[in-house]
Structure formats: C-alpha cells, structure tokens
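Visitor: Residues per chain are reported as follows:
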Amino acid sequence: MRIAKQAGFYVLLGVVLIFFTFPLYWIVASSFKDRSDVISATPKLIPFIEFTPTTNNYRDIFFRAEATTGTGSTVTASADISAFRDRLLNSILITGASTLLAVFFGTLAAYAVSRFNIPLENDFMFFVLSTRMLPPIVVLIPVFVLFSDLGLRDSYFGLILLYTSFNLPFVVWIMKGFFDEIPSEYEEAAMIDGYSRFQAIYKIVIPEAIPAMAATAVFSIIVSWNEFVLANFLNRDSASTVPPYLNSIIGVGAVEWGRLAAAAVVFVLPVVIFTFLVRNHLLRGVTFGAVRR
Amino acid sequence: MAEITLQNINKSFGTGIPLAVNDLSLSIRDGEFLVLLGPSGCGKTTTLRMIAGLERQSSGDIRIGERLVNDLRPGDRDIAFVFQFYALYPHLSVRDNIGFPLKAQNLPSAEVNRRVENVAERLRITHLLKSTPGRLPGGEQQRVALGRAMVRQPQVFLMDEPLTNLDASLRTDMRVELKHLQHDLATTMVYVTHDQIEAMSMSHRIAVMNNGLLQQVDTPLNIYKHPQTLFVGTFIGSPPMNVVSGKIMGLRFVSDDGSFWIDIPPAAQKYTTHGAPTVFGVRAEDLTLHERAAAISGIAGKILVREPLGDETIYGVEAAGETLTIKTPPRLRFKPGDNVTVTVNHSAIHLFDKISEKALLPERWSNV
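These protein sequence lines map, in sequence, to chains A and B. Per our numbering, the very first residue in the first sequence carries number 1; after that it's consecutive. Per our numbering, the very first residue in the second sequence carries number 1001; after that it's consecutive.
Hints were generated in silico from the structure; no laboratory data involved. Being a predicted model, the structure only gives us computed values, none of them experimental. Yeah, the Cβ is synthetic: ideal placement off N, Cα and C, and Gly gets one too. Misleading hints may appear alongside valid ones.
[What the hints assert, rightly or not] Here are the simulated lysine-lysine pairs, BS3-like style, with alpha carbons at most 27 Å apart:
no.	chain 1	residue 1	chain 2	residue 2
1	B	Lys1270	B	Lys1302
2	B	Lys1354	B	Lys1270
3	B	Lys1130	A	Lys203
4	B	Lys1302	B	Lys1247
5	B	Lys1327	B	Lys1302
6	B	Lys1103	A	Lys203
[Said to hold, decoys possible] Chain B is nowhere near these chain A residues, computed Cβ spacing over 12 Å in every case:
no.	residue
7	Pro43
8	Ile192
9	Ser196
Please model the complete structure; the sequences and the hints are all you need to start from.
Guide: In structure tokens:
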C-alpha cells in the first residue's frame, strides 16, 4: 500500500516534470536540427537516433546573413540574421546597466525610507508603486514622442533609463520590506564603533542585504531582458535588443524554426546562468544571526 | 574615564505627544556605576541613546568629561554601547566583531589582534574567536558584545538592558561578573534596566525615572528606605509597598472610607497638615502579624492568602477594609481565615502628598 502510494507520487512528479520541461527540451532539440528535421511531420525527439544534430543554426545566427539549409534550398529572412550577435550584446548591456542602476538606487531609496522619518511616507511609497500600475504599452506613445524630442530613440541610454525606472518601484518595495526587518541597532553599533553612516551601510547593512539584492536583481533582469514592446518601437535602427529580433527572423515566407530555436536558447541561457549563480542567496532567504528577538 | 553631565535635557518626539524626557538634569560621577531604572516608556532608554548620540536632545546640554558633546557624532564621543539584542554583526567572526571598533581607528592589525585577544581572554571567550556570532548561545553572544565594548577602552560604557535576554541563572552570574568588571575597569557606566534587582545589586547609584521625569537619584539602600516620591516607593521593592489613600485628621492618618487609621508618630507630626489628602505607605516587612489577643493593640485583620517562599512567608491580610501584604519569618504559621492583629513599625512609615506624590517626611525624620 505504502509502496503503491509512493510510486503514484513519483509518477505524478514525473508527469509534472515532463509537462514543464518538455517545451524547453523541444526548443533545445529543434535548435540542433536541420531544416528537414525541424519541419518533419513526425516529431523527432531523440538526437543521433531520430535526427543528426547540427550546429548550423547557431553558426547561422552568429556568423552568417544567409545560410543553406540541409535540403539545399536558401531561405531569406526579413531581417539580417547575423545581427543576433550585436543584439545579444545590446541586450546584455542594456539589461545589465538598468539592473545595476535599479538595484543601486532602489536600495538606497529603500534604506532611506526604512530608516528615516519621511513626511508622508506611505503616500510616497504608494506613489512609487503607482508607476507600476500601468502596463508599459499604455505609455508607449507619450514616451515615443518624448524620446523623439530628446533624441533618446535608438540609443542605449534611452532604454536603460526606461528599464531602470520600470524596475525601481519593485526594488524599492522589496528592499524596504527587507530593511525594515534588519534591526537598526546594527548601524547604530557601527556608528558608535567609530564609523560614519555610509561606512556602516557599506560594511554592515549591504553584506546583510545581499540575498535580497540578488533576488530583486534576478527579477529586474527578467523584466528588462524579456521586454519587447518598448524595445521594438523605440530602438528600431540601433541599440535594439533580442526580443524584437526573435520576432523579425520569423521571416516572410517560411519560418526558420531551427534558427529561431537556436536564438531562443542563447537568449535564455544568461538568465538561467545568473539565476543559477545566485540560487543560494535566493533560497537562503533572510537569516539574522546574532539578533535575538 | 569621565563624568557625564546632563543639563536640562528635554526630548520630544513630536507635538501633541508627551515629552519622552522632561527637564532632566543628572550628573554621573567619574567611575560610577549608575543605573537608570523605570518602567518601559519612562524615557530611560531615550536618555541613554541621547548620551550615545543616537538621538538628538530637543534642548539641553550633554557633557562627557569636559567636552560638550551635543553636536558630536556617536563615533566621536569615545563611548561604547551594549545593545539589548547585542547587535553583533552576523557576517563577521567573533574576532572581527570585537576588533571592529579598532579597525575604525586604523590601528595596525598586530595591535588589533593583541587587544582583541586580551579582551577575549579576560571574558573567557578565546575559544570562540573563529566562530560566527549567530551560532552562539545567548550568554556567549553577551560576552562578545561586552568584548566589543571593552576593546576600545572607552571613557564611558552605556548598556541598554544587556541581561534581559538571558536565562534567569545566567543573568545572576552575569550580574556579579559585570559588577566586578566595572569595578576593575573603573570606567563610568550607565546601565538601563527595568529590573529593580539588577539595579539594586549592581549600582552605586540608581536614577529612577517615570513618564520622562527623573524621580530620585540615590544609593540603592536610600532609594529603598527613603523613597522621595510615591512612584519610587511603590516601584521599588518586592512585594510592593502597601499604600492606603486618605487624609490627615489631627494626629492620625485616616483612610478615605474612614475604617483604617493609624497614629502619626510624634517625630513626624510637624511635617503633616490637618486635612491634607495624603497617601500612607508601609513596606511588607515593617508590618508584624500577631495572633489575635486582647493584650496587643493594633489593627484587627483576617488572613486571606499565604505564600510560603521558604526563607520567609508572605501573607495577604484583610485589615480594616484594606488589603495589606505582610512579610514574616517562616516560623509563624497562620492559615487563611485566621483572625490576626497587625502592628506597624511606626518609625518606618512613609507619607506622601496625594497631589504632588512627593514624600512628606525627610530622610532622617525618625532619628531627629
């Protein structure tokens, strides 16, 4: 009876696991297929047996404008396929910069709100949050006009600015909740020990806050990394990111599934790697060792 | 080593809220162990934090030694502070925690290590230097926090209820140890607590505060024997002082309902006024219980409850409409319901003005 129960549990786990990971597997597998395999009517799942893996798709998106596919026909995409490399660098630069800025300024703001008596603090925090209440597409037209006037369209700085401001409210709210939990005695002790408040923040509070900063950074990265609408409309000619690119290589006549899958895999990897690196911080949560409550 | 002078200190946390500290003037002698005692919210911790510079007083001057420290940052006041929750830095080892104040002074690391090890040895925590504070039991965290305070050899130690989070037995040990430590170091110490036993057993002098007002500053015994306000009388002592509200009628104190009365001893009569609303107070050990007998004149009463504590027994007695707490040697055996006579040690009574709550009798009234 107990064994049957356990077996049932593992079967259920297996089903759930397949449900969530199969699409990922499908994309990864497709990225290594040539054109005939990827559009084959019978699904080809197992590499080396059902299809012969090829790295051509990766080579194409990184190095070639046009490529011959396995069947020998040439497919022309609507965009320059080899732009992927530049787009990826743009994405990394814009996401990285906006995340660093959002976490940096958001952490400082959250600290200030948490530690000092600010008049109308609740209203201020609501105002901060209210900027997140609209979906970005609602503000697209005013931002488009504004950016045109300011010359921020097609620039790195424009998107970095936008993504930073979209992520700031989130960082401020999460970090404020976190700082509220860190007793102010830590900084007070450090200040009595002869340090300035900034030194106390740097030496005592920030090391304590790293798990929370890592968690907010992950969310900021995901938001900026995946953002499509603003990137698509504001940065059409230069400094554009990967999501609009993925859309553009879908092509006119035929869909280049293999290349699309390869680009998607490369696009997902950095976020997976970063999340993997900070997973301990995310899981460890918040422990306040030496303060007894 | 330094004395601390507080001059007309006020602290307000906003209009409409009563002052947290109200016109406090206090001078703490060089090398003194002074305890700030009072119930929670009385302003004692605020006072300590103002001395430390963690709060800015709304008005008044604070001096440490000869220096006016009103505008000095906490780090420049040459003080050490031990927090109730210790506030050990969780990501630093015990060694780095203790050495943290020295690193702020940019001392060479050999010197830092030497001093950290000296302090650790003295507090018997040398074996803990490599551990992280979060894993340590409360008593050892307490020692680390003390070490961090001692290592810089400050002019003043400030302690905010440092023993509150310890187990009862550990607290007793640490009390003795802290007292020795302060005696050996001869450093001025200001110690905040709401625990009167800590205050009585450790301090040179106690400053009792209530509602932001300084009530009395005196040696522990004087605070106990000669409370200058009704609050001090009732706050200090366990069981608390018996108090009866009433007024002076000629040479007698008579309770509000008229059923309880007591003669005022001749030496005290010149300090009382006929008709003045007065509170009578007497400690549990200054009342004596007798079996009811015609030969003894006193207040007739009946035993309500009996609390044997081993070395003494506490009785709750209903006498002339009042409930009195009486401390007796254990050899007296009364049962609830027994009829008794209560006599009062007249030279140990307390009288307080009911309006101002100030003591009416001067310190040595019964010897005059």
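Visitor: If a hint holds in the structure, say so; if it does not, say that too.
Guide: Tested hints:
1. B:Lys1270 - B:Lys1302: violated (33 Å)
2. B:Lys1354 - B:Lys1270: holds (17 Å)
3. B:Lys1130 - A:Lys203: Distance of about 19 Å is within 27 Å: holds.
4. B:Lys1302 - B:Lys1247: holds (24 Å)
5. B:Lys1327 - B:Lys1302: holds (15 Å)
6. B:Lys1103 - A:Lys203: Holds: lysine 1103 of chain B and lysine 203 of chain A sit about 12 Å apart, inside 27 Å.
7. Pro43: holds (51 Å)
8. Ile192: Answer for isoleucine 192 of chain A: violated, closest chain B Cβ roughly 5 Å.
9. Ser196: violated (7 Å)
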